[in-house]
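J.: Kindly generate the complete structure, drawing on both the sequences and the hints.
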Amino acid sequence: MSDAEMKAMEDSNDDSMDAGEDTETRQKKDAGSGEGSSSDSEMDDDDDDAAEETRQIKQYLELLGKIQEEKYNYDSYVQLLEVAHQMTDLDKIRQSAEIFAEVYPLSPDIWLRWLKIEVAMASSPEQIKEVDALFRRALRDYFSVEVAAEYANLAAKADKELSEAIWDVLIPTYGLHVTKGRTIFEAYREDFLEKNKDSPERLNRLARIYEQELKIPLKNIEDSYIEYKLLCEKYKDILKDLNPEKFERRYRQAKDLLQKMLPFEDMLAKLEPHCHQERAELYREYIRECRSQLGDDETQVLYERSVTDCCLDPTVWCDYLKYLDKYPPDEDEDSASPETLVNRALRNCPWSAELYVEKMRIFERERRDKADVLKIMEEVATVEFKAPEPAVKVWLEYLTYLRRHCHLEDEKERDILRSNFELAWNQLGRTWGEMADPECKILQFWGRLEYGSLGDPLKGRELWQNVMDSSDNCTRVGLWIEYAELESKRGTDPVRKVYRKAIGAVGLNDPETLAAAWMRFERCNGSLEQLASCQELCMATIEAYYKTLSQQRYAKGRRSDPAKGSHVNDSPKKKPLKRANDEHPRSDDTAFKEPSISVGPSVPKKPEPSLEDTTKRIRLDEPKPVDTSNDSKRLIFSNLSFEITEDQIRATFPELKFKSIELVHGSSGKSRGFGYVEFENEQDVQKALSFDRRPLDGRPVFISSLARDKSNRQNEFKHSEKFELNKLFVKGLPFEATNDDVRKLFEPYGKLKDVRVVYYCSSKGLAYVEYESEVAAKNAVLHLDQHNMNGSTITVAISAPPPRGNPTATTTVKEVEQPGSLGAEKRHLVKGDAKMKLSSMIPTALLWKFAAAGPSGSSAARIASADIHKSNEDFRKLMLKKLSQQ
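Numbering (my numbering), first residue to last: 4 to 889.
No lab work stands behind these hints, which were simulated from the structure alone. Please note that a few of the clues may not be correct.
Said to hold, decoys possible - Within a straight-line C-alpha distance of at most 20 Å, the following computed DMTMM-like cross-link-like pairs (lysine to aspartate or glutamate) qualify:
(1) Lys-119 - Asp-92
(2) Lys-237 - Asp-259
(3) Lys-183 - Glu-301
(4) Lys-74 - Glu-101
(5) Lys-222 - Glu-251
(6) Lys-329 - Glu-292
(7) Lys-249 - Glu-214
(8) Lys-462 - Asp-472
(9) Lys-232 - Glu-251
(10) Lys-730 - Glu-750
(11) Lys-160 - Glu-197
Unchecked claim - If you anchor each label on the Cβ, the simulated ranges turn out as follows:
(12) Asp-52 - Met-792: 57 to 65 Å
(13) Arg-759 - Glu-412: 44 to 52 Å
(14) Ser-776 - Lys-74: 28 to 36 Å
(15) Glu-381 - Met-438: 19 to 27 Å
The model shown is predicted, which means the values in this text are computed figures rather than measured ones. C-beta: ideal position from N, C-alpha, C; glycine also.
T.: Right, here's the structure in full:
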């Protein structure tokens, strides 16, 4: 609202207040002179009404001022409209609603409250037409059967021509609502009978309306079927063009589809209003399960309902947009066009980068001018994103659009493209400072183009140098390898310089992969001297890398209490660790000197327990005998939600006959997520094992055999304990990410074998992705590590699970090495992070025991000690052998 309008409103309100004061003054004078007929109580009521009116006007003006200061404060608009309704001033209600609608779409409840007043006030045909236009606006904002039902009331007041136009809007859309569509058809038949005289044409038209309804899956469709049959029986001589066989076939199809849809409708009705994510997922499943049997109109109604009920979820709008892209509506349906829909979406979710990306792509598919796409970026400039990632995503899409529509042979257009890259980088920097694009995705994109289609490798080299100098990019091996591949356009020497600089970078996350890439390059392009130099540098770097890991392993062992195996807090506020051969804690820190890694840790000697003591302790702790007679009929059900009950388990596995279900509870009485299940016979056990991984409450149930002997026990979680180079470990996923989302992200890089998102009560942002081949897995790591997925930066690495077997078993260094994440950032441990996995897989508490055993200890102890005591020369030989095999 402009300042002039506000001033005019204030003047008008002041005049009304003055007029009120004059009336009040006259009343007082009349009362004082005895001429007034009002009593004192009536004067008091008038005073109260005037004071309340004055308060409401003042509050209304204050809210208008607040809206001018904070344009996007939704609550202020709601309060303004509420005050207008309290004032019972229709002009104020209209004014408030229009101010509201300029910024946000009005919810169905707000529309309904306003439209009911308009319908009641409309009497002339002109007023009814104005209200009709308001209803059409309301139905374009959101899908609402309640607003549609009020619109039907307006049809009853309208003339025959306008009434038919109203039903042409309502029946094809709102008549398809599974649970409420029959109400719309009933109102349609009543209005039709009211506005048409008795005639054979009237009866035939009524029969056609019934037939139109009875081919749609609607709740209580049987009642309409009975009414239709009675109509046909009563007027069988008048009704024409009846086709009972065709009608019955369509009716049975509608009933069958209704039985499939009603469970979803019941689940939607039972959801609490705040369960937005569950509602969105339920709509997706609803559409996915029924899509093959639904027509395009019915499917579109389900999408309209989903975006109405989940209007603040951008992913729901994106699903609807993808559907319209695949099944475009008729050209005359402007309300359902992709452009109209994406504009509606952005009015609800103006912060969503994905929706701006979709809008650009819609404009590009429709071959809109560059000026129109530029207006989208002008809209983005007015949005206050809460983080830089959405802004980076929109800029990348816009720059990609410009690249596709740039005539690269024209120097002027190439300069324009470069200037847009520079504009994007500078604008993000001004807005977000050092937080803006820390991974330098825009500079990476620009650099790739300079090396390629823009034809300036020197400029590309400058850009990639800036990329590698930013944030922790210098530790990411994937970026170094791509940099080297780009430099190959300038010759072999520049590539060699990049590799030489890369191998010397501090904190590389995966030096082995970088060394292997450089070795391959030198084998194909280098001389003997260059290959030997490469090998020497790589070997030294990897040796230093593993030396650091060994020192960390040693330091970790030093922090373990030899007696109890418990970790000692090494905070400076605590007392220093008392060593086993010290009578008192050391007060002089300089007295302790850490030995060289080639020598190995000095181990405190502790007295060995005697065989007799050990035997006594074992006998004292010996467990009571366990009844194993029914083990063949029992299974373990695990990975259960803590809220799962026995009844839910029985309902999820109706095929099984349970004898008993025993859920294990902790000391607090809360379920621990697993339990023991007993069956009547062993045949049921085998049948139950076939249902392993069946979902229960959104989580797969792990069904395992109950084997007392650990050597025969089935691996409950079914993942390998060794390196699986075709399996990836993904972390940092958005908590709402599903298996399908992860599968779609990783599918372009190779054939997938399995995808599993990790849940524990709820999503943990972790997943395992398994490919058919190792090449596909490495390709996915190089492309998707540090990828931004719906605002979350994910980390992708080759899966390297820790062993869970006998820690004293013979394990070579090659078996326990774990390569770092290919292209992952340097990890900074903060409070709450998981402890860093070192290259040794032997628990530190056992390392003390093995080392204490010395040369005279067991063979397992000697092997473990040998791994810890490897010298630098041993590591050198190991890495030379490994590199020579590349």
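J.: Look at each hint and say if it fits the structure.
T.: Status of each hint after checking the structure:
1. Lys-119 - Asp-92: Given pair Lys-119, Asp-92 holds - Cα atoms ~14 Å apart, limit 20 Å.
2. Lys-237 - Asp-259: 28 Å, violated
3. Lys-183 - Glu-301: The hint holds at about 13 Å.
4. Lys-74 - Glu-101: 14 Å, holds
5. Lys-222 - Glu-251: 17 Å, holds
6. Lys-329 - Glu-292: Status holds; Cα separation ~18 Å.
7. Lys-249 - Glu-214: This hinted pair holds, its Cα atoms lying about 10 Å apart.
8. Lys-462 - Asp-472: Holds. Lys-462 to Asp-472 sits at ~16 Å (cutoff 20 Å).
9. Lys-232 - Glu-251: 11 Å, holds
10. Lys-730 - Glu-750: 13 Å, holds
11. Lys-160 - Glu-197: 11 Å, holds
12. Asp-52 - Met-792: 57 to 65 Å: The hinted range 57 to 65 Å holds for Asp-52 and Met-792, with Cβ atoms some 59 Å apart.
13. Arg-759 - Glu-412: 44 to 52 Å: 49 Å, holds
14. Ser-776 - Lys-74: 28 to 36 Å: 54 Å, violated
15. Glu-381 - Met-438: 19 to 27 Å: With Cβ atoms ~23 Å apart, the hint holds.
Figure legend: structure checked against the earlier numbered hints; hints not met, in rising order: 2, 14.
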